[in-house]
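Protein sequence lines, in the order shown, are assigned to chains G, H, V, P, W, X, C, Z, A and U.
Numbers in our numbering are just positions in the first sequence, counted from 1, shifted up by 4.
Numbers in our numbering are just positions in the second sequence, counted from 1, shifted up by 4.
Numbers in our numbering are just positions in the third sequence, counted from 1, shifted up by 4.
Numbers in our numbering are just positions in the fourth sequence, counted from 1, shifted up by 4.
Numbers in our numbering are just positions in the fifth sequence, counted from 1, shifted up by 4.
Numbers in our numbering are just positions in the sixth sequence, counted from 1, shifted up by 4.
Numbers in our numbering are just positions in the seventh sequence, counted from 1, shifted up by 4.
Numbers in our numbering are just positions in the eighth sequence, counted from 1, shifted up by 4.
Numbers in our numbering are just positions in the ninth sequence, counted from 1, shifted up by 4.
Numbers in our numbering are just positions in the tenth sequence, counted from 1, shifted up by 4.
Hints are not guaranteed to be accurate.
[Stated by the list, open to error] Heads up, incomplete: computed chain H residues facing chain G, CB under 8 Å, no partners named:
| hint | residue |
| --- | --- |
| 1 | D20 |
| 2 | K21 |
| 3 | S41 |
| 4 | M46 |
| 5 | L61 |
| 6 | A65 |
| 7 | F74 |
| 8 | I89 |
| 9 | V98 |
| 10 | K104 |
[As the list claims (entries may be wrong)] Cross-link-like lysine to any residue pairs, in silico, SDA-like; alpha carbons within 25 Å at most:
| hint | chain 1 | residue 1 | chain 2 | residue 2 |
| --- | --- | --- | --- | --- |
| 11 | U | K7 | H | T85 |
| 12 | Z | K18 | A | E52 |
| 13 | X | K77 | X | T149 |
| 14 | P | K77 | X | P146 |
| 15 | Z | K16 | X | P75 |
[As the list claims (entries may be wrong)] Residues of chain Z clear of chain A, computed beta-carbon distances all greater than 10 Å:
| hint | residue |
| --- | --- |
| 16 | V13 |
| 17 | L23 |
| 18 | E37 |
| 19 | P50 |
| 20 | D55 |
| 21 | L63 |
| 22 | E66 |
| 23 | D80 |
| 24 | K104 |
| 25 | S117 |
| 26 | L145 |
| 27 | K148 |
Don't read these hints as lab results, they were simulated from the structure.
The beta-carbon is built from N, C-alpha and C at its ideal position, and this holds for glycine as well.
Number of protein chains: 10
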Amino acid sequence: MKKTAMTDVILKAKADKQLRWEQIAEHAGLAPEFTTSACLGMNSMPKENADKLCAALALPAEVSAALQEFPHKSWDKWVPTDPVIYRLYEIVAVYGETIKQIIHEKFGDGIMSAIDFSMHIEKVPDPKGDRVKLTMNGKFLPYKTW
Amino acid sequence: MKKTAMTDVILKAKADKQLRWEQIAEHAGLAPEFTTSACLGMNSMPKENADKLCAALALPAEVSAALQEFPHKSWDKWVPTDPVIYRLYEIVAVYGETIKQIIHEKFGDGIMSAIDFSMHIEKVPDPKGDRVKLTMNGKFLPYKTW
Amino acid sequence: MKKTAMTDVILKAKADKQLRWEQIAEHAGLAPEFTTSACLGMNSMPKENADKLCAALALPAEVSAALQEFPHKSWDKWVPTDPVIYRLYEIVAVYGETIKQIIHEKFGDGIMSAIDFSMHIEKVPDPKGDRVKLTMNGKFLPYKTW
Amino acid sequence: MKKTAMTDVILKAKADKQLRWEQIAEHAGLAPEFTTSACLGMNSMPKENADKLCAALALPAEVSAALQEFPHKSWDKWVPTDPVIYRLYEIVAVYGETIKQIIHEKFGDGIMSAIDFSMHIEKVPDPKGDRVKLTMNGKFLPYKTW
Amino acid sequence: MKKTAMTDVILKAKADKQLRWEQIAEHAGLAPEFTTSACLGMNSMPKENADKLCAALALPAEVSAALQEFPHKSWDKWVPTDPVIYRLYEIVAVYGETIKQIIHEKFGDGIMSAIDFSMHIEKVPDPKGDRVKLTMNGKFLPYKTW
Amino acid sequence: MKKTAMTDVILKAKADKQLRWEQIAEHAGLAPEFTTSACLGMNSMPKENADKLCAALALPAEVSAALQEFPHKSWDKWVPTDPVIYRLYEIVAVYGETIKQIIHEKFGDGIMSAIDFSMHIEKVPDPKGDRVKLTMNGKFLPYKTW
Amino acid sequence: MKKTAMTDVILKAKADKQLRWEQIAEHAGLAPEFTTSACLGMNSMPKENADKLCAALALPAEVSAALQEFPHKSWDKWVPTDPVIYRLYEIVAVYGETIKQIIHEKFGDGIMSAIDFSMHIEKVPDPKGDRVKLTMNGKFLPYKTW
Amino acid sequence: MKKTAMTDVILKAKADKQLRWEQIAEHAGLAPEFTTSACLGMNSMPKENADKLCAALALPAEVSAALQEFPHKSWDKWVPTDPVIYRLYEIVAVYGETIKQIIHEKFGDGIMSAIDFSMHIEKVPDPKGDRVKLTMNGKFLPYKTW
Amino acid sequence: MKKTAMTDVILKAKADKQLRWEQIAEHAGLAPEFTTSACLGMNSMPKENADKLCAALALPAEVSAALQEFPHKSWDKWVPTDPVIYRLYEIVAVYGETIKQIIHEKFGDGIMSAIDFSMHIEKVPDPKGDRVKLTMNGKFLPYKTW
Amino acid sequence: MKKTAMTDVILKAKADKQLRWEQIAEHAGLAPEFTTSACLGMNSMPKENADKLCAALALPAEVSAALQEFPHKSWDKWVPTDPVIYRLYEIVAVYGETIKQIIHEKFGDGIMSAIDFSMHIEKVPDPKGDRVKLTMNGKFLPYKTW
């Protein structure tokens, strides 16, 4: 079973059972953000968690196997079009050099890893309009000198 | 004075005076992330803060005027090349659909604003290697129905 | 039911019943511009309106469900090719900097929202040739300083 | 004098004299939107108006001559980057097919001209946040059959 | 019936009946160039002509309906590859600025319409090799000042 | 002297002497379209004509030499932006396949040359609005079989 | 029968009968290079040769008809990826200006035709490693002055 | 001295002395095609030949040094625009797969080298129009199996 | 059988039999890296090895035939997206000029062949985190002077 | 002093003193590959090594300071053009998926770091033609599950 078919099956089960990603994540024993990314085919899930997820959604073993596979991460558009994702792209373009300056100032020459990385999304109530709080946490990797 | 010349002047003063962005930001009375982005020409600074910054760095009034101008935000590469910034781009591409799903689940149809937006970078000490914590905070904007 | 299938079903029903977008919009209780964009898969319609629309067109519940889904807005061409749409693209390219100058002059640093946004198209009779009047109305969003 | 040099001279005079585009336009006897676009080099101004504008700003005859020249309209980025202009681009991409449908329904097969065209920007006060109202007005051009 | 299916049906009938575009155009009562472009899906044909064409080719009413639909003009390659079409592209690139200069000299600031437009192709016998004569005829549209 | 400098010199002399391309072409003894393209650096002019042109405009010998050089034809944008030239590009994209069909029907497999080629632009007065008539004339080149 | 289906049928017959392009070309009475290009859909073959080819490969008349059709030459990648073809692309990029200089020196202003063109590939034995000899032969086309 | 400055100096000396590439090549003791490519900065010339060339053109030692430097081969346009070079690009695109098939048939799996490579251009007189004969000669490189 | 179908069949057999590429390579009598690339359709395998591989995996003769075919090497993305492959792309971009300088210093003007080439991947245990050692070995090809 | 000026100064000193990268690296106390990349502006050099390098080449302190700066890694071409670097790009495209498969097989889901990374180039004498051996060594980074 390919990752794309796996995603379709999971989304259908999610809709049929009226479940939220948070509930599915709880079943899997992982964070909602990681669980969602694995279900969308962008991460591989450990066997134990994949089995739990499939048990909770009553999905067959081949879905669990597909969740465990190592994905080929792929996207089609250099510039994303959906407004939710474009705004993040715009933030990276507008603030990228700022982030680089501040990381270099705090840590030295190196980068924030996108591999040893986690992410968390929260809703912050605000009378002037609720706010999205998106926290990224990545290991600092210093450049090697040799 | 154009924004690019302004940036050169500020970076030179910063190097000559051996100042960190955090110190410059404190002089300006703004967050280091906002201060850096304004000095790099990607945001406009209120007059009061721009004047304080220029006073602290002993820069002339035309630098303050340039800091106050509304920028034309511009970038040359659809895909950033510097590894610090590319990793952020990769995160947006890999996790963009995940973020979209979770924002929609928590808030409904709409986006996280990149305009009513702030950002904060922290160093999180970790024995296995220090970590970069990057927090984005943007107002949720629901789509209008008419 | 995917949005693309939904659009095909609605367009067929519209042709069979010889309805105009204005009439469909009246059934749905929304503006023709919003109704059209939702039927083309570029906006999500509230349940009440989607149900009314489907009732009027004698379409099944799954069409209503598809109309309510939050879309992933997507397009394939960075530069549109159809002359109707290209002319709008050309207007944005030719007058974009003008619009930016005038918005900044009237409002300060910020943007016109494309999310808290509505649009209206009118036919203005004119003896020298009728004219299209296209009105866009978006909330001004000021940049946040922090 | 090239159009780019002309724009620099006008912007400097505008800043020195603390004038708004609306005031400059009044001197020129044209709409602010047209005046701004001509000063930015994207339209040619009739001699009478160009001379009035230069008289009001105390600019030499070669600026008037440059304002009268027929421009080569040119842009560098297929996708605009500045958020003000990108949002307009996004609107064209998201609503382009909707606009096409409605123009065809109201007028038949043809386009809204970007040449026989005018544009108007207003500030609409609103307690929930002021709004930008952007009105475009273009002649409908029917396709010729032969 | 979609335009692409319509084109396939017409091309098959044309091949089966061994007809030339000129003959089909005569049946339709339109110029061969317009008729061909409508059959290829790039123009909409008036009902009367579409019905005549279908009668002559013994095609069903749905083909006539498809011919009457307003097309979404679309192409996939920014630079055409087939040598016949590339040479035309090259001519536009090499002579575009020349054409612009001469139109401006003869007419003032404005463009040749691609909408109120017709085109004619002739074979000019020549002992040194026959020649293609391609005549384009478009309405001059002056820029509006406002 | 490079072609770009040559063009600047010729355009300045043309403006100073208030000459039209037609008049310059008459001096050179060539068609206005060819003369303009050579002055813009897109064609090489025979010595005799280049010398006559320079004599008429009182330009030095190095301008004549530059006019005679064989150009490297070059353009920067795959899709032209100026509306005059874009409309021609759109015509090629919309009608390219039509032109190909009709050339093949009239001549067989082959192309219209863009090298053994000439072009002529006329103003056709019309009470409903003057029209641009653009005639292209290129040798038919049949594909070789071997 | 479309050209792509035609190619599949010919390649299968070629494999089943264990024929080389040289042998197929001999049957068709044409050069191997032309025969191959026509079988791959990039040239049209005269009826006589197409019929002979189909007789030799025991292919039906519709394959012959497809071979005779005038192709729309098309490719998907601006830069070819297969190493055999990329090296040719690299040669054009590295030596293109050299070839232009030498053609202009030997012939004057003009081009080598890609239409009135033939090509021949030979294997040249060499003790240090056999060599590919690729000969292109195209008519010189001088630019027309008018 | 950079390669670009070197090319300018050589082209000026070539024009002043009214020399053809063939004559310069004879002085250098190399083929005209190689000599031209080295003078245009796309190949490095052995010291002995570079010195002879500079002696013949009365150019200083730094030109010889620049000729000997190993170039960084670079080009700006993925698709060449000048018609001489575009036609070669078109030939590669149209006949690339044909060349691949025939090389594989004659040699097995591998490529024609663009490094161990030479090229020769001849003028072939022909009463119907002279022809360009372009011969490429590259070592066959078989893929390694390991 | 096309290469893509061949890859699917091999990957399924590999998964069913729980084999590693190293084991499959041992059966084929080739290196794991070469074996993998041939199974993924990017190299052609000698008959003897292809037959052994198919015998070991119990695959039919048509799979062996497909493995022996000479591939058309093709990829869709100019910039790879999967992080494993992007990092290699980044290394080429960051260190490409360095590699060029050092190859030229050690060997003279020429390149490392990608055809007469082999590659080897090892796991190097390291207490601070295991390391990937990737060794490329290509023949040096000197540029030919002629 | 900007990195680009720094590179020019170092290359000139290297040429004047007739030094090889290996010798410069020995002076700096670092590997030749790292030293070269830092001198080309693609890595930052520790102060101690930068000072030693500048002492050996008799370069001023500002060169050492520039060597120590953290670079913004940048490149202009998505596909490199110089044959040395293109061949590496081709290897990544052809063998990228193979490398991914084998890394995943040996290590699990994760990547080879391009940051905690070193590289070594050797000349391997071979009677059939010397070979380039390029060794890359990067830390394996496993994806984090959270």
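Beyond 10 Å from every chain A Cβ - status for P50 of chain Z: violated, 6 Å
Given the hint that K77 of chain X pairs with T149 of chain X, does the C-alpha gap stay at or below 25 Å? This hinted pair is violated, its Cα atoms lying about 30 Å apart.
Please verify that hint: M46 of chain H, Cβ, nearest Cβ of chain G, below 8 Å or not. Check passed: Cβ of M46 of chain H comes within 5 Å of chain G, closer than 8 Å.
Far enough from chain A: is every CB of that chain over 10 Å from the CB of L63 of chain Z? holds, 20 Å
So E66 of chain Z supposedly isn't at the interface. Is its beta-carbon more than 10 Å from every beta-carbon in chain A? holds, 19 Å
Are K7 of chain U and T85 of chain H close enough, with their CA atoms no more than 25 Å apart? holds, 17 Å
Does the no-contact call for D80 of chain Z survive, Cβ to all of chain A over 10 Å? Check passes; 16 Å lies beyond 10 Å.
What's the verdict on K16 of chain Z and P75 of chain X, does the C-alpha distance respect the 25 Å limit or exceed it? holds, 16 Å
With a cut-off of 8 Å on the beta carbons, see whether A65 of chain H makes it to chain G. violated, 25 Å
Would you say V13 of chain Z is clear of chain A, with no C-beta pair closer than or equal to 10 Å? holds, 21 Å
A closest beta-carbon separation below 8 Å is what the hint needs, so does I89 of chain H meet it against chain G? holds, 4 Å
Classify the hint on K104 of chain H as holds or violated, based on whether any CB of chain G lies nearer than 8 Å to its CB. holds, 4 Å
Consistency with the previously given hints fails for numbers 1, 2, 5, 6, 7, 12, 13, 14, 18, 19, 24, 25, 26 and 27, ordered from lowest to highest.
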